[in-house]
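Engineer: Now for the letters of each chain:
Protein chains: 2
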Amino acid sequence: MDKIETYHFAVEPFHVDFTGHLFLGVLGNHLLNAAGRHSHNRGWGIDQLNENHYTWVLSRLSIELTEMPAQYEHVEVETWVESVMKLFTERNFLIRNADDGRIYGYARSIWAMIDVETRHPADLIALHDGDILRYVLTAEEKPCPIAKFGRIKPLLGGDTVVVATHYSDVDINGHINSIKYIEHILDLFPREQHEQHRIRRFDIAYKTESYLGDDLAFFCEETAGEHHIEIRKHVGSSEKPAGEVVVQAKLVWE
Amino acid sequence: MDKIETYHFAVEPFHVDFTGHLFLGVLGNHLLNAAGRHSHNRGWGIDQLNENHYTWVLSRLSIELTEMPAQYEHVEVETWVESVMKLFTERNFLIRNADDGRIYGYARSIWAMIDVETRHPADLIALHDGDILRYVLTAEEKPCPIAKFGRIKPLLGGDTVVVATHYSDVDINGHINSIKYIEHILDLFPREQHEQHRIRRFDIAYKTESYLGDDLAFFCEETAGEHHIEIRKHVGSSEKPAGEVVVQAKLVWE
Chain A
0 MDKIETYHFA
10 VEPFHVDFTG
20 HLFLGVLGNH
30 LLNAAGRHSH
40 NRGWGIDQLN
50 ENHYTWVLSR
60 LSIELTEMPA
70 QYEHVEVETW
80 VESVMKLFTE
90 RNFLIRNADD
100 GRIYGYARSI
110 WAMIDVETRH
120 PADLIALHDG
130 DILRYVLTAE
140 EKPCPIAKFG
150 RIKPLLGGDT
160 VVVATHYSDV
170 DINGHINSIK
180 YIEHILDLFP
190 REQHEQHRIR
200 RFDIAYKTES
210 YLGDDLAFFC
220 EETAGEHHIE
230 IRKHVGSSEK
240 PAGEVVVQAK
250 LVWE
Chain B
0 MDKIETYHFA
10 VEPFHVDFTG
20 HLFLGVLGNH
30 LLNAAGRHSH
40 NRGWGIDQLN
50 ENHYTWVLSR
60 LSIELTEMPA
70 QYEHVEVETW
80 VESVMKLFTE
90 RNFLIRNADD
100 GRIYGYARSI
110 WAMIDVETRH
120 PADLIALHDG
130 DILRYVLTAE
140 EKPCPIAKFG
150 RIKPLLGGDT
160 VVVATHYSDV
170 DINGHINSIK
180 YIEHILDLFP
190 REQHEQHRIR
200 RFDIAYKTES
210 YLGDDLAFFC
220 EETAGEHHIE
230 IRKHVGSSEK
240 PAGEVVVQAK
250 LVWE
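If you read the protein sequences in the order shown, they are chains A and B. Take the first sequence: its position 19, counted from the start at 1, is 18 in numbering that gives the first Met the number 0, and no numbers get skipped. Take the second sequence: its position 217, counted from the start at 1, is 216 in numbering that gives the first Met the number 0, and no numbers get skipped.
Just so you know, the hints here were simulated from the structure itself, not pulled from any lab data. Among the hints, erroneous ones may be present.
Unchecked claim - Once the Cα atoms are required to be at most 27 angstroms apart in a straight line, the calculated BS3-like pairs of lysine-lysine come out as:
| id | chain 1 | residue 1 | chain 2 | residue 2 |
| --- | --- | --- | --- | --- |
| 1 | B | 249 | B | 232 |
| 2 | B | 179 | A | 232 |
| 3 | A | 179 | B | 179 |
| 4 | A | 147 | A | 206 |
| 5 | B | 85 | B | 152 |
| 6 | B | 179 | B | 249 |
| 7 | B | 179 | A | 249 |
| 8 | B | 232 | A | 179 |
| 9 | B | 85 | B | 141 |
| 10 | B | 141 | B | 249 |
| 11 | B | 249 | A | 179 |
| 12 | A | 179 | A | 152 |
| 13 | A | 141 | A | 179 |
| 14 | A | 206 | A | 179 |
The shape of chain A in the complex, shown without the other chains (with noise of 0.2 angstroms):
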């Protein structure tokens, strides 16, 4: 088996946002498809880790772009594992127009894997005898040119908006998915800035799960071009909440 998964799409018409362009929540749920299916073609499924109550979870992703694909482009990801310790794997994945080839940009992304019932990290190295180590691509047999996730720092001030959490933003398990919260952390800006600056890079941490029904307040900092964002549990009637991080993220735009 190919250490190297390629998958395919095609940026759909209501997959684009106002400016033609791929919103960059659908080429993340593309991104993880690709993991999804570059694990589960090599026997290190979701679906084939629950029957021995396992599961993958996704805890840092880190996008980084020279282009957003438009509407109607044919788009490649490659992914594959780049290194495997005890209770993380990263995983990296190369984004480009399947037709002319032209590289989009890079991602980033870091995993755990815990027991269901437990949530307790489980040793990825021990299970299965090591079987995981088979795919590892180290970073001088296949490169990816963008720099690992960095430290968010924690945000003291900043505007705050809370925002409900709804049906459409659950995943099976009754999460907030993954996905969702890069769609909210996106809405918090206006028109303006969609229109006039381009996301060149995109870091999220999912520090803690959220569910159905959890009031979100997103904390937005702005330094030096950048934003830096938390989301917390919004507990209380107070406007800066004390609840857990939930998720950091930060924006550089171009």
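Use these hints to put chain B onto chain A, whose structure you have.
Structural biologist: For chain B alone, kept in the frame of chain A given last:
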């Protein structure tokens, strides 16, 4: 060219709700893609029409299902044109499991073609010397055994929820996209409603466009186990805004 277009999709993990079944909005998106594929392959696609300054506008959509596709299932959509009148065309859909052939349900839709500049409707029969008539499959030739779109009464009372629209709601034309209205409508209902009831039939009529930044007032009234919904532009600060009707919809639960 065959009069029926067949379109395939798989039910992806992030496209299912907490019961493990496809989101109705995602199904709607697939139906619209199938429609786009059908008309494109026959020379009537939006991309081709745009050169002639015309575009398709969805006016009505009715979906009736005995079962909603579940996660990882493979779905096959057939679509065809049942009739063409001067200003409207009726397009139907059959939705079935691609592996065992069982039928999930059917859908009906009504489309107009408008001039993108004047927004006036075009005469479908006069265009291209009536070429579109070559693709008609009458109700006798290809039955669609669900009722046509019925009249939805205007609402006078009911609960009101005001929803602000954001970047993610808007399509390439700057309009709130047809699918997002469906999502927002389903988000009106609490977890219990979705847990205990399945949507058997969903009717939606698109009356007027709304735009990024519009506040939309959702009126919802229950009569005899059905929900009638009216979305109006929320103008002024009144609780019962008198703005234009954007969408009317009806949900029948099982």
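Engineer: Against each hint, give a clear statement of whether it holds in the structure.
Structural biologist: Hints versus structure:
Straight-line distance between C-alpha atoms of residue 249(B) and residue 232(B) comes to about 18 angstroms, which keeps the hinted pair within the 27 angstroms bound. Proposed proximity of residue 179(B) and residue 232(A) is supported: the alpha carbons are some 25 angstroms apart, at most 27 angstroms. For the hint pairing residue 179(A) with residue 179(B), the CA-to-CA distance comes to about 13 angstroms; that is within 27 angstroms, so the pair holds. Our distance criterion of 27 angstroms between C-alpha atoms is met by residue 147(A) and residue 206(A), whose separation comes to about 17 angstroms.
At most 27 angstroms may separate the alpha-carbon atoms for a hinted pair to count; residue 85(B) and residue 152(B) meet this at roughly 26 angstroms. Only pairs whose Cα atoms come within 27 angstroms are accepted, and residue 179(B) paired with residue 249(B) is accepted, the gap being roughly 16 angstroms. Proposed proximity of residue 179(B) and residue 249(A) is supported: the alpha carbons are some 26 angstroms apart, at most 27 angstroms. This hinted pair checks out: residue 232(B) and residue 179(A) have alpha carbons roughly 25 angstroms apart, not beyond 27 angstroms.
This hinted pair checks out: residue 85(B) and residue 141(B) have alpha carbons roughly 22 angstroms apart, not beyond 27 angstroms. For a cut-off of 27 angstroms, the pair hint linking residue 141(B) to residue 249(B) stands: about 26 angstroms separates their Cα positions. With a C-alpha separation of about 26 angstroms, the suggested pairing of residue 249(B) with residue 179(A) holds against the 27 angstroms cut-off. A threshold of 27 angstroms between alpha carbons decides the hint, and for residue 179(A) with residue 152(A) the separation of about 22 angstroms falls inside it, so the pair holds.
A threshold of 27 angstroms between alpha carbons decides the hint, and for residue 141(A) with residue 179(A) the separation of about 30 angstroms lies outside it, so the pair is violated. Distance hint between residue 206(A) and residue 179(A) is fulfilled; the C-alpha atoms sit about 15 angstroms from each other, no more than 27 angstroms.
Of the numbered hints given earlier, the model fails hint 13 alone.
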